[in-house]
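Model the full structure from these sequences, guided by the hints.
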Amino acid sequence: MSLLRPQRSALPGFGLSLGITVAYLSLIVLLPLSAVFVKAAGFSPVEFWQAVTSPRVLASYRLTFGASFLAALANVPAGVILAWVLIRYDFPGRRIVDALVDLPFALPTAVAGIALTAIYAKNGWLGQWLEPAGFKVAYTWIGVWVALTFVGLPFVVRTVQPVLEELEPELEEAAATLGATRGQTFWRVMFPALRPAIITGFALAFARAVGEYGSVVFISGNMPLKTEITPLLIITKLEQYDYRGATALAVVLLVGSFTLLLLIQLFQRRTRGARA
Amino acid sequence: MSIEVKNVSKHFGSFTALAGVSLKVESGRLTALLGPSGSGKTTLLRIIAGLEFPDASDDRAAGRVLFHGEDVSDVPVGRRGVGFVFQHYALFRHMTVAQNIAFGLTVRPRSERPNAKVIAGRVEELLQLMQLGGLGGRLPDQLSGGQRQRVALARALAVQPKVLLLDEPFGALDAQVRKDLRRWLRSLHEKIHVTTVFVTHDQEEALELADEVVVMNHAKIEQSGAPQTVYDRPASPFVIEFLGNVNRMAALAGKPNATGKDVLYVRPHDVDIQRGQAGEHSLLARVLHVFSAGSYGRISLQRTDNGEAFEAEIARDRLLDLDLQQGEVVSVLFRHVRLFPKGQLYEADVTNGQLSETAPGYRPAHGSGEHI
Amino acid sequence: MAGNVSTLVYVAKHRQRRSLKDPLWVRVLLIGAALLFVGLFLLVPMASVFAEGLKKGWGAYFAAFRDPDALAAIRLTLLTAGIAVPLNLVFGLAASWAIAKFEFRGKALLISLIELPFAVSPVVSGLVYVLLFGAQGWWGPYLPSGEHPWLGSWLNGQDIQVIFAVPGIVLATIFVTFPFVARELIPIMQVRGNDEEYAALTLGANGWQTFFRVTLPNVKWGLFYGVILCNARAMGEFGAVSVVSGHIRGLTNTMPLHVEILYNEYNIQAAFAVASLLTLLALVTLVLKNLVEWRHRRVLEAATASTTRQFIS
Numbered sequence: 008m009s010l011l012r013p014q015r016s017a018l019p020g021f022g023l024s025l026g027i028t029v030a031y032l033s034l035i036v037l038l039p040l041s042a043v044f045v046k047a048a049g050f051s052p053v054e055f056w057q058a059v060t061s062p063r064v065l066a067s068y069r070l071t072f073g074a075s076f077l078a079a080l081a082n083v084p085a086g087v088i089l090a091w092v093l094i095r096y097d098f099p100g101r102r103i104v105d106a107l108v109d110l111p112f113a114l115p116t117a118v119a120g121i122a123l124t125a126i127y128a129k130n131g132w133l134g135q136w137l138e139p140a141g142f143k144v145a146y147t148w149i150g151v152w153v154a155l156t157f158v159g160l161p162f163v164v165r166t167v168q169p170v171l172e173e174l175e176p177e178l179e180e181a182a183a184t185l186g187a188t189r190g191q192t193f194w195r196v197m198f199p200a201l202r203p204a205i206i207t208g209f210a211l212a213f214a215r216a217v218g219e220y221g222s223v224v225f226i227s228g229n230m231p232l233k234t235e236i237t238p239l240l241i242i243t244k245l246e247q248y249d250y251r252g253a254t255a256l257a258v259v260l261l262v263g264s265f266t267l268l269l270l271i272q273l274f275q276r277r278t279r280g281a282r283a
Numbered sequence: 002m003s004i005e006v007k008n009v010s011k012h013f014g015s016f017t018a019l020a021g022v023s024l025k026v027e028s029g030r031l032t033a034l035l036g037p038s039g040s041g042k043t044t045l046l047r048i049i050a051g052l053e054f055p056d057a058s059d060d061r062a063a064g065r066v067l068f069h070g071e072d073v074s075d076v077p078v079g080r081r082g083v084g085f086v087f088q089h090y091a092l093f094r095h096m097t098v099a100q101n102i103a104f105g106l107t108v109r110p111r112s113e114r115p116n117a118k119v120i121a122g123r124v125e126e127l128l129q130l131m132q133l134g135g136l137g138g139r140l141p142d143q144l145s146g147g148q149r150q151r152v153a154l155a156r157a158l159a160v161q162p163k164v165l166l167l168d169e170p171f172g173a174l175d176a177q178v179r180k181d182l183r184r185w186l187r188s189l190h191e192k193i194h195v196t197t198v199f200v201t202h203d204q205e206e207a208l209e210l211a212d213e214v215v216v217m218n219h220a221k222i223e224q225s226g227a228p229q230t231v232y233d234r235p236a237s238p239f240v241i242e243f244l245g246n247v248n249r250m251a252a253l254a255g256k257p258n259a260t261g262k263d264v265l266y267v268r269p270h271d272v273d274i275q276r277g278q279a280g281e282h283s284l285l286a287r288v289l290h291v292f293s294a295g296s297y298g299r300i301s302l303q304r305t306d307n308g309e310a311f312e313a314e315i316a317r318d319r320l321l322d323l324d325l326q327q328g329e330v331v332s333v334l335f336r337h338v339r340l341f342p343k344g345q346l347y348e349a350d351v352t353n354g355q356l357s358e359t360a361p362g363y364r365p366a367h368g369s370g371e372h373i
Numbered sequence: 013m014a015g016n017v018s019t020l021v022y023v024a025k026h027r028q029r030r031s032l033k034d035p036l037w038v039r040v041l042l043i044g045a046a047l048l049f050v051g052l053f054l055l056v057p058m059a060s061v062f063a064e065g066l067k068k069g070w071g072a073y074f075a076a077f078r079d080p081d082a083l084a085a086i087r088l089t090l091l092t093a094g095i096a097v098p099l100n101l102v103f104g105l106a107a108s109w110a111i112a113k114f115e116f117r118g119k120a121l122l123i124s125l126i127e128l129p130f131a132v133s134p135v136v137s138g139l140v141y142v143l144l145f146g147a148q149g150w151w152g153p154y155l156p157s158g159e160h161p162w163l164g165s166w167l168n169g170q171d172i173q174v175i176f177a178v179p180g181i182v183l184a185t186i187f188v189t190f191p192f193v194a195r196e197l198i199p200i201m202q203v204r205g206n207d208e209e210y211a212a213l214t215l216g217a218n219g220w221q222t223f224f225r226v227t228l229p230n231v232k233w234g235l236f237y238g239v240i241l242c243n244a245r246a247m248g249e250f251g252a253v254s255v256v257s258g259h260i261r262g263l264t265n266t267m268p269l270h271v272e273i274l275y276n277e278y279n280i281q282a283a284f285a286v287a288s289l290l291t292l293l294a295l296v297t298l299v300l301k302n303l304v305e306w307r308h309r310r311v312l313e314a315a316t317a318s319t320t321r322q323f324i325s
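These protein sequences, in sequence, are chains U, X and Z.
Each residue of the first sequence is one higher than the last, beginning at 8 in this note's numbering.
Each residue of the second sequence is one higher than the last, beginning at 2 in this note's numbering.
Each residue of the third sequence is one higher than the last, beginning at 13 in this note's numbering.
FYI, nobody ran anything at the bench for these hints, they're computed from the structure.
Here a beta-carbon is modelled for each residue, glycine too, at the ideal position from N, C-alpha and C.
Be aware that a few hints might be false.
[As the list claims (entries may be wrong)] Chain Z side only, calculated, beta carbon under 7 Å to chain U, not exhaustive: (1) Leu42; (2) Leu128; (3) Lys232; (4) Phe236; (5) Ala294.
[As the list claims (entries may be wrong)] BS3-like, lysine-lysine: derived pairs with alpha carbons at most 27 Å apart: (6) Lys143(U) x Lys233(U); (7) Lys67(Z) x Lys143(U); (8) Lys232(Z) x Lys119(Z); (9) Lys192(X) x Lys221(X); (10) Lys118(X) x Lys163(X); (11) Lys163(X) x Lys25(X); (12) Lys221(X) x Lys163(X); (13) Lys129(U) x Lys143(U); (14) Lys68(Z) x Lys129(U); (15) Lys25(X) x Lys192(X); (16) Lys33(Z) x Lys7(X); (17) Lys192(X) x Lys118(X); (18) Lys67(Z) x Lys129(U); (19) Lys7(X) x Lys25(X); (20) Lys33(Z) x Lys163(X).
[As the list claims (entries may be wrong)] Stretch by stretch, here's where chain U covers chain X in the computed footprint (C-beta under 8 Å, at least three residues): (21) 205 to 218; (22) 287 to 297.
In structure tokens:
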């Protein structure tokens, strides 16, 4: 079996379908993406290093990766509780809540951005209570965190939900017959079974948040060194015709998210392997 | 520790799983709950364990579960002192075999928990008892089906239960492993003598393994008793059809060889074949097919009077003596028949040409009198 | 039969297993926490969109859509989705057929590559097209000399402008919505296996007949599911489109970009009015998505119920 050549099959259409797939994939995704790396390869190492380590850029990494991490982290308990409640309990509006969880997938990010800004601004629904209490959300890093938490909300819920649903009730019953309390059953029997899904959901939410732009730019205020995220910095550099700086930052983001993706895949393969 | 279940009913939506079932299991016995799918046997087992609860009833004496005379109906599952082995074992996948077995001991409150050394010793002891020596460090996914089954058993026994409950303990295994484990479970029971109830749909398993067989059908107990009793003296058409091969044909109570509106049951090994006239209680049948395997031969026959087909099993020597030819007409004698006219039992034996009957209304010992 | 009717009934009644039921205070606490979180992070933002959009009454609300620039933005959004979704649909069908129906080396890699756009920041998705096609665009003349992006000069020789024009917007949208249909179809086709296709072939159907009359009807719900998600993202994409659009009013503004412009001009009410239309689109998407899931689930439950009946009878 050589690369991209199938085992003999009675079904027709392999050449055509694979041809379309590879051609389209190359034209739309692979060729454009490689342009970034080809262009970056033309930089001298010093030039590249300076472009990706200037103080303003470093500050943007701190905010982007830091807020993304905290947002994904917040989504772990929230996601597990939501998945638990949706699978285990019956309550009025359960189906609606279940459907709403996907809202961050379906709602255009710009809409989410202006809506969150409106709520948390000084005179907004929540901002008017929070700001006098000394808790400023809009135009601070907390606002970035709120937007990224919104964007990452579905991931943990949707990775944990099916695992929780398929977890045989017999496992819990077995623990119960052996005298375990509900708490012990959760932490010692169920949580370990859910852990791979939780980690996957966390990583997906994190990866998504790192690249996020639309929902953040409105609420962040975009103060250089303070509330400026890396994707925004790329656009700023483009608008200043600094193609090199923009490309160098794009390489950092791409390498970051590809590494995450790779780790997720390796992790999933390992947990699947242990199960098989 | 004896188990007593008093007048228990259970519905799931519109489906009746148990309809007023009562049962008593003597201390130290090995009891089988036998029945087809949906007969309520697993529900009964789960109610005994405390995993399921009987329907609420106005009658306060109804729907109770007693262990050794003590009402445990409101004792939660973790404190009933039952060991439960699940059909698909429900082993904790992320724990090793040893951790699985130790689980029930390690979740006890600190004051009641044995120290680590005692737990390790107990685990080792159980691994030896279950012939799992050396496998303590494995994960469940690295074990064979039979090994997993024994780990599940060890885990249930580790907490020293007063009662051991097994749901289809061999259901998920292949035929050979099943037979080995069956024998092994029997010998284990001889060793530890804990009151044991297991659920099965396999009559051979129930008859071979249990001290007492409880046959269930349609949410009720049809009959309970020693395996030999249940097999030899089935109390209902269901029991006779469910346990072993049986021919059913049209007959008349009181005159087994006549065609009538009643249903007659006769086991193939109670059918005798002879050449020529065989007395007034015999009938004529044509030989359709003869097959011999092992110690007995199986003959397909067709009655000449009404065309009904049935089977006979006779010893191989006798088969060779007879030298039956396909298409030949022979005399057939039913040595032992059962009829259930109007829900009552009617039995008849033919010995040396003499018909002896058991009067209608007769109920065998350990009959179905315990169900309502 | 090892299966057992009571087991099936238990599965159906998972939520009702009393021995596993959590105490009331735990349930109330967890449901309360979940509702609070959903309310705060999802419901309140969504409600605020409509509230802000209607702040000055219905007249002002509808006025936001009478603006020619708004109408142009709506048209461009529809056009973009109208091109991107069908293209990704055809690609999704081809990719899932090749991947699900055949065994070949490099398959795992191919699947990973198809999912790649999900891992790319929208801003970078736009940037790659600027790097490719941006030679003579707005920024082109200011490029340091000696740099020749790959295709730009050739395309401009043909008098086709890509960046800061409609083609760039469409390309960036195709990029970000690339995996949606394929990702839904591949697992569904893999689970189905090839038996039905083989049966069709033995009965004399040719490849296209097999595909259109056996394969496609089998995966139509998964296809629909992928298409509605793909469409929602295509119409709502902001970051990638923002990089390549150039924000020319009436020409290269999609709806999300129009929302941004209005917002930045402090025309908040109009921004939210247009945003509310996008929110409605998201809600319709969610409703359709759940209808598909609900239907799929009902088919599953019907199958379970019929086996239950078999066991009982």
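Does leucine 128(Z) hold up as a contact with chain U if the rule is Cβ-Cβ below 7 Å?
holds (6 Å)
Using 7 Å as the Cβ threshold, decide whether phenylalanine 236(Z) counts as touching chain U.
violated (15 Å)
Within 27 Å, alpha carbon to alpha carbon, are lysine 7(X) and lysine 25(X)?
It holds: about 8 Å lies between the C-alpha atoms, which stays within 27 Å.
Examine the stretch 205 to 218 of chain X: at least three residues should have C-beta closer than 8 Å to a C-beta of chain U.
Violated - the stretch 205 to 218 of chain X has 0 residues with a Cβ nearer than 8 Å to chain U, which falls short of three.
Does the structure keep lysine 67(Z) and lysine 129(U) at a Cα separation of 27 Å or less?
Measuring from Cα to Cα gives roughly 17 Å; hence the hint holds.
Given leucine 42(Z) as an interface hint, is its Cβ closer than 7 Å to any Cβ of chain U?
holds (5 Å)
Mind checking the alpha carbons of lysine 33(Z) and lysine 163(X) for me, to see if they're no more than 27 Å apart?
holds (25 Å)
Check the hint pairing lysine 25(X) with lysine 192(X) against an upper bound of 27 Å on the C-alpha distance.
holds (23 Å)
Keeping to a limit of 27 Å between CA atoms, is the pair of lysine 118(X) and lysine 163(X) held or broken?
holds (24 Å)
Supplied contact hint for lysine 232(Z), tested at 7 Å Cβ to chain U
violated (18 Å)
Lysine 192(X) and lysine 221(X): Cα distance at most 27 Å?
The hint is violated at about 32 Å.
Hinted pair, alpha-carbon criterion (27 Å max): lysine 163(X), lysine 25(X). Please report holds or violated.
holds (15 Å)
Of the numbered hints listed earlier, those contradicted by the structure are 3, 4, 9, 21, 22.
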